[in-house]
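Asks: Full structure from sequences and hints, please.
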Amino acid sequence: MIEDSSKFELTDELKIKIDKILDDHHHDFTQIVGVLIDVQDEIPQHYIPKVVAFYIAEKLPLKLSVIYDCITFYDALSEKPRGRYPIEICDSIACKVNNNEFLLGALKDLLGIDFGTVTYDGRFTIEKVSCFGACDRAPAVRINKIVYGPLKTKEQVRSLLEQFV
Amino acid sequence: MQNISYLTENFGKYDVFSIDSYINIGGFQSLRKAVTMDGDDIATILSDAKIKGRGGAEYPMGRKWSQARAVKRPHHCVVCNADEGETCTFKDRELITNDSFNLIEAMIIAGWAVNAEDGYIYMRAEYSHLRPRILNAIKQAEDRGFLGKNILGTNWNYKIHLYSGAGAYVCGEGTALIRSIEGKAGRPRMKPPFMKQSGLFTRPTCINNVESLSLVPHLLRDSTPYLQVGTKESTGTKLVSVGGNVNKPGVYEIAFGTTVREIIYGLAGGIQGNRKIRLIQFGGASGKISDARILDIPYSYEAFAANNLIIGSGSVLVIDERTSVIDFLRYTQDFFLHESCGQCTPCREGNRHIRIFLEKIKNGTYTDEDIQTMKTFAKVMPMSSLCGLGETAQNALKSAFNIFPEVFASRKQTEAVG
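The listed protein sequences derive, respectively, from chains A and B. Each residue of the first sequence is one higher than the one before, starting from 313 at the first, in the working numbering. Each residue of the second sequence is one higher than the one before, starting from 5 at the first, in the working numbering.
It is worth saying that the hints were derived from the structure and are not from the lab. The reader is advised that the hints may include incorrect statements.
Short, incomplete list of chain B residues facing chain A, as computed with Cβ under 8 Å [claimed, not checked]:
1. Arg97
2. Ala172
3. Ser184
4. Phe339
This one's a predicted model, so the numbers in the text were calculated from it and none came from an experiment. C-beta: ideal position from N, C-alpha, C; glycine also.
Replies: Next comes the structure, spelled out in structure tokens:
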């Protein structure tokens, strides 16, 4: 199960990692988007919990409202917990005309979840994204920055998922 | 059909993680040449090659550079737009993957030409796996004195910074892009002030697409092969990203003047299952559409303009008969509805309402009045929207009115159900 975001604990270990990310970005507040993306990658559920947003706001320093403006504006950032392996389905026209509906159906079927829910073990979520620039591999999914495609049979989808078990 | 590789000449020729292997194939020769030249002369070379911005706006690049030079305010900067978000466009990904040092060299030449102090590369988050090769290229160029202080003994200082986007299509628009680099949400703003006067951090800014920039070192090295191909108005070569229902989707370099048929049936291997073409969209989601009637026109700016099409970002999205026109329009509309930043009313509400009308057409529950209203909205949106997104969002729909009038055929008001 995914823990409630309000119960997220900011450990010393994570603080060190965040400090390192801030150092890499020269504590430059204009790099907030890059900072948030890197921090999100460090958190197993790939999101920005409230305490973390507060911590970054204090450390940079930057107004909390600016941080939340970014988190809610940009699709790549999330304020809600996701799976450890968020499956992003490309929903661009190039993927749609190559039957990404099938892919979506196969994923829902194999995982037993819909959009916005997480598998019971906290491993997967299914998300639609506009386009991640892999139209030559349509229909494609992207899991933790790696693009997989073209995925045309249920068997291919199953063996892809098995890599993460 | 002749194979051409001018812009893609370096692909696979060197190790993209090693500056030495890039120098061995003649890398940074163009920069050495550039620093002996005046910026206006460099801009003239671009004007002679008739390069139009390759991101989609098609603004003449030579003119852009000489205008940027002419701005007297201090602290110029150069921005490379690597946020290609147009559907079915992935040429910049190939350029960064296979030729990242060339891009860095181009950024330095651009900096020299417009007398900039800083260069910024804004790359979409979806390409974050390419960050290491750009950062490595910047680092190695710094170590060799191509970047940093007193570059090649010219007393000129220049740095390149890499910024990441976060999955917003609208950030490909210049003013939204600079806001994103400034560490804000990427909402576009009104122009003027124009970028060249007051852009990033209110500094004079010159924004170029990855493909436009990547051409510069090649042109400085030897522009003859480029000038020899193409058509009268469209000189040289272009990268096209072909996708959709074709057998071999991918990025291909073509000489301007190649016919659309050669691109789709020659390079991209024809249509899956030998089906018929329903429609072709050029220039990404904001581009215009046509059907098989344009297969034999040459791929060039002038021929496309004559046929009410645009080259735009250079994408060719081919859709076969399995997808209906109305479904295609609904998908496009979904995309813009999702990507509209919601700041200005015409774009936010226009996209939403046109989506509803399209749904009605799909279900057969529309009235003639709906069609009229939809046409009015499609006309008003480009006139009244704040930025390029709202201005171009209805390009596909507007060209569909001409090409596929039967989809919007009139019907009796009384038949309406809801």
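Asks: Give a verdict on every hint.
Replies: Hints versus structure:
no.: 1; hint: Arg97; result: holds, 5 Å
no.: 2; hint: Ala172; result: holds, 5 Å
no.: 3; hint: Ser184; result: holds, 6 Å
no.: 4; hint: Phe339; result: holds, 6 Å
Violated hints for the displayed structure: none, as all numbered hints are satisfied.
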